[in-house]
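Peer 1: Sequences and hints are given; from them, build the entire structure.
Protein chains: 2
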Amino acid sequence: MSILEAIKNRRSVRRYKEDPIPDEVLYRILESGRLAPSGKNLQPWKFIVVKDAKLREKLAEASVRQYFMAKAPITIVACGLPDNCYAHMGRYMKSWPVDVAIAVEHMILQAQEEGMGTCWIGAFDEAEVKEILGVPENIRVLALTPLGYPDEEPATRGRKPIEEIISFDKY
Amino acid sequence: MSILEAIKNRRSVRRYKEDPIPDEVLYRILESGRLAPSGKNLQPWKFIVVKDAKLREKLAEASVRQYFMAKAPITIVACGLPDNCYAHMGRYMKSWPVDVAIAVEHMILQAQEEGMGTCWIGAFDEAEVKEILGVPENIRVLALTPLGYPDEEPATRGRKPIEEIISFDKY
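Order-wise, the sequence lines are chains A and B.
Reading the first sequence from the start, the letters are residues 0 to 170 in numbering that gives the first Met the number 0.
Reading the second sequence from the start, the letters are residues 0 to 170 in numbering that gives the first Met the number 0.
Since the hints were derived computationally from the structure, they do not count as laboratory data.
Do not rely on the hints blindly, as some may be mistaken.
[Said to hold, decoys possible] Pairs of lysine-lysine residues, derived as DSSO-like cross-links and limited to a Cα-Cα distance of at most 27 angstroms, are as follows:
no., chain 1, residue 1, chain 2, residue 2
1, B, Lys45, A, Lys53
2, B, Lys16, B, Lys57
3, A, Lys93, B, Lys39
4, B, Lys39, A, Lys7
5, B, Lys159, A, Lys93
6, B, Lys159, A, Lys169
7, B, Lys45, B, Lys70
Peer 2: So this is what it looks like as structure tokens:
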């Protein structure tokens with residue numbers, strides 16, 4: 000599958016089958032995140048792969064109107080390590096959300112190639128998510144995504160026309 | 000090219016040929032950014048495609064030790080539209096850097112598929128970049144990347160082993 004094809008076909012999937020995910024598929028998805036670029040190659044991230052059904056339910060409850068996510072067999076919780084950046088980057092210490100976002104999107108595109116569904120979730124109670132998973136105080140949670148086989152084929156949502164978002168040489 | 004293959008092959012390219020980029024290639028790269036997901040589908044981004052050589056030189060000067068970028072025939076400047084998010088997202092108003100980062104990484108992976116090089120640049124004087132390109136006060140600049148045919152084959156930089164960045168069910 001080409002990059003642009005995967006990008007065109009990706010949807011935010013909100014209905015999942017409960018079928019388990021083969022280990023080698025999960026590995027390729029995680030590997031695609033591991034290899035992401037990051038500022039100064041600091042890799043300020045950690046990913047929690049949540050398979051336990053009770054924990055997944057709690058995570059869904061800690062999210063805002065995203066209860067559907069509990070049905071997917073895995074929830075990936077993407078954490079950022081700000082201290083890592085503070086120590087090495089000075090004024091660029093705020094780069095960790097960008098770095099973590101890149102790694103998550105790599106996983107989401109690889110999941111698409113594997114025929115799996117995902118859904119970027121940014122609306123959740125961070126303190127609650129941290130408590131559920133034992134995330135240390137100095138670590139941030141940037142996003143969650145369910146991961147599983149889709150049980151729906153959502154229509155595409157529109158995008159702004161290219162003329163509206165691109166300009167040449169000046170803003 | 001598969002997603003994981005593109006991810007594995009991507010490098011931060013710091014030496015470029017001056018060969019021009021065919022319009023249809025540039026179009027596919029921009030299109031891959033246009034189709035990126037974003038919080039509430041707000042698409043809080045705008046991309047400036049800088050071809051003018053003098054402007055590219057000025058952008059390189061506004062960047063920190065990244066003078067190499069002026070040689071690539073295009074610099075893409077990725078802007079974020081925070082107001083867009085403030086109006087619609089309340090507490091999630093800070094999502095724009097994540098959204099813009101996803102769109103930029105889409106372009107970077109598509110560029111890889113097209114045989115082109117890129118380099119995430121986050122170290123620049125934002126006020127200076129905004130002045131060079133006439134970017135309005137309420138618009139932010141998240142990142143720049145040169146875009147051109149690579150004139151080097153950089154070695155891979157290491158990554159943390161997967162055990163160090165992945166855990167199961169708990170942090």
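Peer 1: List in ascending order the numbers of the hints, as given earlier, that are violated by the structure.
Peer 2: Per hint list: 1 and 6 violated.
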